[in-house]
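**Student:** Chain by chain, the residues run as shown.
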Amino acid sequence: MASYIAKRLFAAIPVLLGLSMIVFLIMAMIPGDPATAILGSYATPENVERLNRSLGLDKALPQQYLAWLGNLLHGDFGRSYALNRPVLDEVLERFSATLILAGTALILCTVFGLLAGIVSAVRQFGWVDRVVTFFVLIGISIPSFFLGLLLILLFAVQLRILPASGMYAIYGGGDLADLLKHLLLPAVTLAVVATGVVARLTRTAMLEVLRQDFIRTARAKGLSERKVIYRHALKAAMVSVVPVIGLQAGFVLGGAVYIETVFQWPGIGAMLVKAISTRDLLLVQGGVLFVAAAYVFVNLIADIVQAVLDPRLKT
Amino acid sequence: MSTQALEVGPPKDSGQSRTAWRLLMNNRLAAAAFYIVVLIVIMALMAPILPLHDPDTTSPANRLLPLFSEGHLLGTDHLGRDVLARLVWGTRVSLFVGISAALAAAFFGSLIGLVAGYAGGRADNLIMRGIDMLMAFPYILLALAIVAVLGPGLLNALYAIAIVNIPFFARNVRGITRGLSHREFVDAARLSGKSHIAILTTEILPNVLPIIVITMSTTIGWMILETAGLSFLGLGAQPPQADLGSMLGQGRALLFTAPMISVIPGVMVFLIVMGVNLLGDGVRDALDPRLRAGALSRPMPVTRIERPHVPEPDETAKASALAVTGLETSFEQGGGREVAVKGISFTLRKGECLGLIGESGSGKSVTALSILGLVASPPGVITGGAVTIEGRDVLSLDETQIASFRGGKVAYIFQDPLTTLHPLFTVGEQVAEAVRAHQPIDRVGAHEKAVELLRTVQIPDPEQRARAYPHELSGGQRQRVGIAMALANDPDIIIADEPTTALDVTVQAEILRLLQALRRDRGLALLFITHDFGVVAEICDRVAVMRHGEIVEAGETATVLGDPKHPYTKRLIACVPIPGQGRAFLDAIRALPSADTDRGRGA
Numbered sequence: 001m002a003s004y005i006a007k008r009l010f011a012a013i014p015v016l017l018g019l020s021m022i023v024f025l026i027m028a029m030i031p032g033d034p035a036t037a038i039l040g041s042y043a044t045p046e047n048v049e050r051l052n053r054s055l056g057l058d059k060a061l062p063q064q065y066l067a068w069l070g071n072l073l074h075g076d077f078g079r080s081y082a083l084n085r086p087v088l089d090e091v092l093e094r095f096s097a098t099l100i101l102a103g104t105a106l107i108l109c110t111v112f113g114l115l116a117g118i119v120s121a122v123r124q125f126g127w128v129d130r131v132v133t134f135f136v137l138i139g140i141s142i143p144s145f146f147l148g149l150l151l152i153l154l155f156a157v158q159l160r161i162l163p164a165s166g167m168y169a170i171y172g173g174g175d176l177a178d179l180l181k182h183l184l185l186p187a188v189t190l191a192v193v194a195t196g197v198v199a200r201l202t203r204t205a206m207l208e209v210l211r212q213d214f215i216r217t218a219r220a221k222g223l224s225e226r227k228v229i230y231r232h233a234l235k236a237a238m239v240s241v242v243p244v245i246g247l248q249a250g251f252v253l254g255g256a257v258y259i260e261t262v263f264q265w266p267g268i269g270a271m272l273v274k275a276i277s278t279r280d281l282l283l284v285q286g287g288v289l290f291v292a293a294a295y296v297f298v299n300l301i302a303d304i305v306q307a308v309l310d311p312r313l314k315t
Numbered sequence: 001m002s003t004q005a006l007e008v009g010p011p012k013d014s015g016q017s018r019t020a021w022r023l024l025m026n027n028r029l030a031a032a033a034f035y036i037v038v039l040i041v042i043m044a045l046m047a048p049i050l051p052l053h054d055p056d057t058t059s060p061a062n063r064l065l066p067l068f069s070e071g072h073l074l075g076t077d078h079l080g081r082d083v084l085a086r087l088v089w090g091t092r093v094s095l096f097v098g099i100s101a102a103l104a105a106a107f108f109g110s111l112i113g114l115v116a117g118y119a120g121g122r123a124d125n126l127i128m129r130g131i132d133m134l135m136a137f138p139y140i141l142l143a144l145a146i147v148a149v150l151g152p153g154l155l156n157a158l159y160a161i162a163i164v165n166i167p168f169f170a171r172n173v174r175g176i177t178r179g180l181s182h183r184e185f186v187d188a189a190r191l192s193g194k195s196h197i198a199i200l201t202t203e204i205l206p207n208v209l210p211i212i213v214i215t216m217s218t219t220i221g222w223m224i225l226e227t228a229g230l231s232f233l234g235l236g237a238q239p240p241q242a243d244l245g246s247m248l249g250q251g252r253a254l255l256f257t258a259p260m261i262s263v264i265p266g267v268m269v270f271l272i273v274m275g276v277n278l279l280g281d282g283v284r285d286a287l288d289p290r291l292r293a294g295a296l297s298r299p300m301p302v303t304r305i306e307r308p309h310v311p312e313p314d315e316t317a318k319a320s321a322l323a324v325t326g327l328e329t330s331f332e333q334g335g336g337r338e339v340a341v342k343g344i345s346f347t348l349r350k351g352e353c354l355g356l357i358g359e360s361g362s363g364k365s366v367t368a369l370s371i372l373g374l375v376a377s378p379p380g381v382i383t384g385g386a387v388t389i390e391g392r393d394v395l396s397l398d399e400t401q402i403a404s405f406r407g408g409k410v411a412y413i414f415q416d417p418l419t420t421l422h423p424l425f426t427v428g429e430q431v432a433e434a435v436r437a438h439q440p441i442d443r444v445g446a447h448e449k450a451v452e453l454l455r456t457v458q459i460p461d462p463e464q465r466a467r468a469y470p471h472e473l474s475g476g477q478r479q480r481v482g483i484a485m486a487l488a489n490d491p492d493i494i495i496a497d498e499p500t501t502a503l504d505v506t507v508q509a510e511i512l513r514l515l516q517a518l519r520r521d522r523g524l525a526l527l528f529i530t531h532d533f534g535v536v537a538e539i540c541d542r543v544a545v546m547r548h549g550e551i552v553e554a555g556e557t558a559t560v561l562g563d564p565k566h567p568y569t570k571r572l573i574a575c576v577p578i579p580g581q582g583r584a585f586l587d588a589i590r591a592l593p594s595a596d597t598d599r600g601r602g603a
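As they're listed, the protein sequences go chains A and B.
Mapping the first sequence onto the UniProt record's numbering, position 116 (from 1) lands on 116, and the numbers just tick up by one.
Mapping the second sequence onto the UniProt record's numbering, position 527 (from 1) lands on 527, and the numbers just tick up by one.
In case anyone wonders, no lab produced these hints; they're calculated from the structure.
The beta carbon of each residue, even a glycine, is placed where N, CA and C say it ideally should be.
You may find that some hints are simply not true.
What the hints assert, rightly or not - Short, incomplete list of chain A residues facing chain B, as computed with Cβ under 10 Å: (1) 22; (2) 219; (3) 252; (4) 291.
Said to hold, decoys possible - Okay, derived cross-link-like pairs now, SDA-like style, lysine to any residue, Cα gap no bigger than 25 Å in a straight line: (5) A:274 - B:151; (6) A:227 - B:442; (7) A:235 - B:300; (8) A:227 - B:378; (9) B:449 - B:461; (10) A:274 - B:252; (11) A:274 - B:159; (12) B:449 - A:225; (13) A:227 - A:128; (14) A:314 - B:461; (15) A:59 - B:150; (16) A:235 - B:378; (17) A:59 - A:16; (18) A:314 - B:426; (19) A:227 - B:469; (20) A:314 - B:125; (21) B:409 - B:314; (22) B:318 - B:552; (23) A:7 - B:128.
Next comes chain B alone, as it looks inside the complex:
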């Protein structure tokens, strides 16, 4: 189920709610909570027909009977009333009040949200300002103020709790409605002459319902808790009527002599609230998987490596700056694994620039990241092959040894420097940090080195710019910072993953020139990942063409460009637009017929 559809899609069929139900029941905790809540609700509903004592009949002869007394399973209170009967009836009252408050808050809050979101403009502004004001109060305090005015009483407590919860509904519903009211199907309804009320009820409301249900399921626990709280303070249910909160409040006076009288209703409130909360979380997860916190799993410092056998690098591999032999990287998906890089091999000689070219999804970036175990894991797993640097297999090393290669001998430059630089540190700090990760140098020294590096990558006024945050720099300057960071420890190899893709053409040319110059000056080996043969032609000595996780063609750049063997290579080359050849360009970008185009990956 896509979240898109849930948020702003057209009305859905009932099949979806069946899926949501199955999702809910698959969540073991939520299912258990569901049964507990249902059990408690049934018990509360059946209170009048259960064989219980009258909860209000006092019996001075039987005061404070202990638990499991004959005829009084949970004992009696200070007036000799049966605690079990009071518990069942009290639960009934608490549930009734909590649920009523939730329904009232949902109704009025959603109404306000719908109107504000649909009306837009000044009305929306005014209403939402008021809602924000209400939310500026500590929640319980506002309820207290309302009870203060209306006077203590169960009904007044219900009103108070409902009112203070209205803002949550109004806010959530308003947000969704705002988005919906500009959608095509709403415009269509408007054009067809439907009234505003008809549009709100038939077009918008069905799409807003899931959000209302989610908000209700996550706030109803609080509402039950807060009404119990008001009763506990003596501001809700008034004697002789009792809910769980007032039972707890009255039991408090006997805390030292008969603690069970307050513990029993307390445990009941706890059970109800926990059950409702768990169920609410389950409902939210089932209806809106995007919000599921558990779905996020944290990537490990090094990609998981599970190689059944490790290939022995040959002499060429040992002599190269970098050699990749039979590399296979997969992604765990559902129960199985999808192989993204299918046993590819290549070498990068010292001082050479090798272009790794392919379209998005061809596995070229995954290859680049696999080299030093930077593929996010989970879900990534390196399932085969070897990466040889300085004659050693990097993937056999432990975490700290791999980390010492990263940014040391081998440095990375990434695609979009706005997301790849840390937004909350100055660029100077970030470059200095790269220096200090590998060199024993103090803070001041590292900073000076960072400024020097920023100068090397031709950032004007580097002392000043070092104090800037990434968002204060232009895209080209950010990428220069990325390059400065890569140069921090005089690497032998730089792996550049589409370093110019996010930049406009003139800046792209400047960055390429800079990389070329640095490579010549420092004798760097450069692995250059791109989808653009124009760039390859400009800077790469050799090129390897990747498609669907395999290298389909490799060779000297001039040879491959002059006489491409694989039809895919031909297409990629033809994709570089040349002025005056519009028709040929269009032919080239037409999809290449292939046995596995329907796999959804690549073409």
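One chain only, chain A, in its complex shape:
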């Protein structure tokens, strides 16, 4: 197992390099003078020239990339001109808020998606299955930013039981209960689409597995139907569901952009939107790199979990 994990970790390195290359190339596509684009059109010529030199823009593209990568590895993500502080500091601060939100959403979608998928496969064509299918359809079709607004209208405006925005109350908040109260609506909103996808796939995977020969063998052994479904079928189905949960991490991390804007959650998504409208490109670059790396990491974990479940994958 240890050697498998080591192998997967090594395999992640080229992926991370590739990500950094794509981000670098996208940033290199900026029309016109990058330094002006970064500093804005009101920057003094001296500042533009200084930035050009510090970005190494007088050199060839591959050399520029290597220098840029070297800086990243030293923790130098550049400086946000709008916030006037190092990009890394801002990103790290924001990232923890996003992790709380996205992590909760990922847990919610895993738990409820699996439950709904299993129940609707087991009770195929029953009323539970119909209800689940109906909600899955709505869940994967409703824009999350619209759902967020609807939930705010219902729970914050009409019922007045949950806060509409922010991560902590401004006065007297700050403890865990306060955080949970603020977290509930955005996390649920963020989880809805992913829950639908997980439920749908779990249902299909379970139905597929239940037709396999080894399920017939389990029944021929005289196992109870409970054991057949929750031990034999579920374990086999999980092998194909786990990578899908890994993919949902991407959905949740990306979708955080909308949810953080709607609920004014102080995370990286809201930061990115603001940074784009202020053309604070180094901040955008740092944020995108961080979230993408987190996504690679989650998928790495999904790979390892899958290999733990399925010994055939380890070799």
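With chain A's structure known, arrange chain B on it following the hints.
**Tutor:** Positioned in the frame of chain A, the structure of chain B alone reads:
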């Protein structure tokens, strides 16, 4: 329509698309979605000629009029603009952008996929690595990065959404193209001197089109949603131009005072996306039935039993280890039922080995599985007859009672142990589980018992092997595990369904010897299903020959072998090749003329 033809077949005629259309319209949900989408599209197209207010004319006197106001059916927004007019025009913009993005992504993605798949080799490798890299990004994030560079704007949002969707098309198209580029009709075109471009456009593209359509129909909903999302964030449509997303984004500021201004465009996006998604699912199902999730139905724990009348077992039946009386098993197909086992009867005496022989499709395996209700249901239904074990009719028992027979008094051994053993549990766990299903014994005890059983079936180093997974064992060892599992609870009867068919000849002989030895030591009754008279001659006391779901001949093995009555039996016997008799063997395997050979079942 076969999926084979769809995936890699030669070009098709238009009859097929007509079938697909009918399939789509038969799907009620997809048909409803189709009409909704068509209605919305027509509304968007007719926006310039509909009697609407100008969507951009502000009217400070008429700010925030409620729903159903005179002249403003859906009210007005914070600048006094007519919400209905803005909704229709906004829908037009959203649809236009979403569809354009989908077309662009489909075009460029398919182009990349075609080139990569057709070129193969290093070019393919390089392109697909790049595509994988793009897919390693959270999708929306990549779109954001692109908008960040290009700057906010509707057109830039369109580019961004198109670019992030290119990988989906490239991947799917590349996979199919890769398979096609090695097919005979492509080789033929190449040999006839056609250029690469001609081959790609005339030979490969027509076969790849269904996949492009499927991918487009399943991603276009997302693309509409994501462009609306970018506009919602203020990165897409810029004022005064409005799409549904930016209407929603601007309405958000008035959420508490005038919620309808954001709810209305939100509902519209929802309707469009749901309609497109449902329609997309319908298109996918119609074009590629293999992917239809609903087609899978889960098999029940016990085969459905619908016997109009239950035969009373006679004295012989009650005295036998196992008696099957007038068993009839059918499969539901389309609207009707096809009978696979047609009222057969036989008995298995205590300690006896009965061979049930026939070719594939003769109904012998279905018979074996019917005994304890293991025929997959749906589609299987037991429509008649009785199965008597210990004087009781098993098929009248309830689910838990039948389960207590399974692996207890009666154990099964199946054909291909690679698919019949659970791939994710060690063989030790699987044998121990069989023990614990019927005996009150703790985990450790069950494990020890499992190791003991593995030793009984002559698996070398059983302590070690118990920790192995099925894929780590050889075929013969896997079948020994299957036998160990069957022996777990000292059964009286073992039903072996072609236990040696998947094995090579020397291993087959070893497994047969093992079964024989176990039978003698434990006084087991063995029902042995096979298509091989050689095997029957070796181990069976009696034999019953099955054909088209009926027993055509039965008797002592020596008698049947020495003096076969039915021509089918003669043929089966002659099928055992004897060195030096090549010509006779070939005669034997020639099809037997029969009234019902054309039924597609059996011969």
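**Student:** Work down the list of hints and note, for each, if the structure agrees.
**Tutor:** Against the structure, the hints come out as follows:
1. 22: Because about 6 Å separates residue 22 (chain A) from the closest Cβ in chain B, which is inside the 10 Å limit, the hint holds.
2. 219: Result: holds, 6 Å to nearest chain B Cβ.
3. 252: holds (8 Å)
4. 291: holds (6 Å)
5. A:274 - B:151: Holds, at roughly 13 Å.
6. A:227 - B:442: holds (17 Å)
7. A:235 - B:300: Measuring from Cα to Cα gives roughly 19 Å; hence the hint holds.
8. A:227 - B:378: The hint holds at about 21 Å.
9. B:449 - B:461: Holds, at roughly 15 Å.
10. A:274 - B:252: Between residue 274 (chain A) and residue 252 (chain B) the Cα gap is close to 17 Å, so the pair holds against 25 Å.
11. A:274 - B:159: Holds: residue 274 (chain A) and residue 159 (chain B) sit about 20 Å apart, inside 25 Å.
12. B:449 - A:225: The hint holds at about 24 Å.
13. A:227 - A:128: holds (21 Å)
14. A:314 - B:461: holds (24 Å)
15. A:59 - B:150: Given pair residue 59 (chain A), residue 150 (chain B) holds - Cα atoms ~23 Å apart, limit 25 Å.
16. A:235 - B:378: Judged against 25 Å, a Cα distance of about 23 Å means the pair holds.
17. A:59 - A:16: Within the cut-off at roughly 24 Å; holds.
18. A:314 - B:426: holds (15 Å)
19. A:227 - B:469: holds (20 Å)
20. A:314 - B:125: This hinted pair holds, its Cα atoms lying about 24 Å apart.
21. B:409 - B:314: Holds, at roughly 21 Å.
22. B:318 - B:552: Answer holds: residue 318 (chain B) to residue 552 (chain B) is near 24 Å, not above 25 Å.
23. A:7 - B:128: holds (21 Å)
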